[in-house]
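S.K.: For this one, chain A is given, so just place chain B on it according to the hints.
Each protein sequence line maps, in turn, to chains A and B.
If you read the first sequence in my numbering, its first letter stands for residue 1, the second for the next number, and so on.
If you read the second sequence in my numbering, its first letter stands for residue 1001, the second for the next number, and so on.
It should be emphasised that the hints constitute simulated quantities derived from the structure, not laboratory data.
None of the hints are false.
Covered stretches of chain B (chain A as the covering partner; in silico rule of three or more C-beta atoms under 8 Å from a C-beta of chain A):
{"no.": "1", "stretch": "1012 to 1023"}
{"no.": "2", "stretch": "1067 to 1080"}
{"no.": "3", "stretch": "1101 to 1112"}
Rough simulated footprint, nothing fancy, chain A against chain B, three-plus residues with beta-carbon under 8 Å:
{"no.": "4", "stretch": "1001 to 1009"}
{"no.": "5", "stretch": "1087 to 1098"}
{"no.": "6", "stretch": "1143 to 1155"}
{"no.": "7", "stretch": "1178 to 1191"}
{"no.": "8", "stretch": "1207 to 1221"}
{"no.": "9", "stretch": "1245 to 1256"}
{"no.": "10", "stretch": "1272 to 1284"}
Derived Cβ-Cβ restraints for the label pairs, each shown as a range:
{"no.": "11", "chain 1": "B", "residue 1": "VAL1012", "chain 2": "A", "residue 2": "ALA174", "range": "15 to 21 Å"}
{"no.": "12", "chain 1": "A", "residue 1": "GLY129", "chain 2": "B", "residue 2": "MET1001", "range": "35 to 41 Å"}
{"no.": "13", "chain 1": "A", "residue 1": "GLY129", "chain 2": "B", "residue 2": "GLN1050", "range": "27 to 33 Å"}
{"no.": "14", "chain 1": "A", "residue 1": "LEU270", "chain 2": "B", "residue 2": "VAL1271", "range": "34 to 40 Å"}
{"no.": "15", "chain 1": "A", "residue 1": "ALA260", "chain 2": "B", "residue 2": "HIS1046", "range": "40 to 46 Å"}
{"no.": "16", "chain 1": "A", "residue 1": "ALA260", "chain 2": "B", "residue 2": "ASP1124", "range": "27 to 33 Å"}
Nothing here was measured: the structure is a model prediction, and the numbers come from that model.
All C-beta atoms, glycine included, are put in the ideal place defined by N, C-alpha and C.
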Amino acid sequence: MRKVTDFALAGFAAICAAFALAVLGGLVVVVAGRGASALDVSFLTGEMQRAGAAGGIFWHLVGTAILLVSAFLICTPFALGLALVERVWWPGERGRRFLRTALYTLNGLPSILFGIFGFIVLVQWCGWGKSWLIGGIVLAMCMLPTVTLALVERLRAIPARYLEAAAALGLDRAQIILAVLLPQAWGGLISGSLLGLARAAGETAPIMFTCTIFAGATWPQGIKDNPVLTLPYHIFILAQDSFDPAVGARLWGAAFVLLALVFLLSLLALPWRLRHHEEADV
Amino acid sequence: MTRAWSWFFSMVAAGAFALLVGIFAWQSRPVWSHEGWRYLTGANWHFRQQEFGALPMIYGSAVVALVALLLAAPIGLGAAIFTAEYLPRPARLAVKALIELLAGVPSVVYGLLGILLLRGWIYDLFARFEPLSGDTLLTAGVLLAVMILPTVVTFSDDALRAVPATQRRAARALGLTRAETILNVTLPQARRGLASALLLALGRSMGETIAVFLVVGRQDNQLPAHLLSLRPLLEAGQTLTTKLGGSETHIAAGDPLHWAAIVGLGLILLVITGGLTVLGTTLGRKSDA
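Just chain A, same shape as in the assembly:
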């Protein structure tokens, strides 16, 4: 009887894990299987034509890239500032704990709320209309907790003897930050940002009211009323009202490209994360 239970639990657990992995595999196979036929060089370098039934996704890739780069640039100083405040400048453990709880809570907030927030403040109050920069700001807000928490974890993992050695050499706190903490935290910033960007790249809810339209945008010429085309919004719109088979293949092609982009960003972060895991567990 005991052996049966032992065997049953192991089997149940293995089946559950296999199921989770099978979902991942099945998802990739379905998206790749339907999207691969649309993929060629002209799909990636061509403009969209006939509302997605012909042409490619060049400007969608450009728009998504613009959003990701601006989100990364906006997010970085804030993440560094918050992480340094949490690790170095905030006196007392209670305040730090409060800050960490606040970050976890923000991480759990639905991204649509950030979209509505950007719509109220930047689109309407500031009168920017739909603008790529609002998208960058809103996505930066979405990814800020992820990046900050990754940085904080990384800073925590720095051995105390490094800091003691630096202090013994007579460095003040600002010098320790520049000479010891930041060089060591570099990997945390990169891996955290890559993870944050991987999530931001696929977000639709925060950008649909703030910075993206379906057709007719190329390079932004300024900030106000300069929306961009994006992959997620393209897929979102076509998924709702398209029964044209020519659109179908291109729709799945776009989904395949988006999925590949997201996986690429997460996989790039993997080496840093694995190394960090190992250091933390030892």
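M.R.: Same frame as chain A, now just chain B:
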């Protein structure tokens, strides 16, 4: 210099997030004074008649999220037991990395798969109950279950790994089998962390917008006639997030009362997901202290 700079950016960030909460509270004031508590308990939403009751949306969000959790919890927990208790370390990290890849799949891609596959499966599977279409609360719940599965697995795995290895070794030394060790030692000791994992996953599923939007049908004013019947699961519905993400948000922007009603849905969502996350985070922290 570094210090002033750190504080400056932190304060701006804190200010932005405080402004976010403030705006949702402040901009929704008109609807609270117009409807009072009926805003939360009213079953009808007809914006042309200036009638705003959010209950059907709250119901939709809750049902969809609970279905997702009911399906994802056992599978996710099982998978976490497998990675945390059975797999050697390198394999565990590899499996976890793959499962976390699944967490990164954009919700619009899940939505697309929902439209293509899941909608049809649900319609065929429940054909004898004659659903009007494949766009149902159940479809959204099943799709969400797949989406929150990685969250459940990752956090449960962390919770199980937080139980000291000495506890397992002691149990094995007493002659307990592996299964008995897991069921009697590891799971009870990790229960706070596991509860935290489920709460965080529930918060995630309440806040998901795009995938649900594409498969839930977005039918307003749907409340079940009988609470205990499962039939309403096969009807289309509307959730807090799908209402916010829909075209009504654009229509409402001109009218202060209608806009307040839309923003108020955001406030309800903010309070629910924020509460679940705070609860989940504090529960989880105590387990590893």
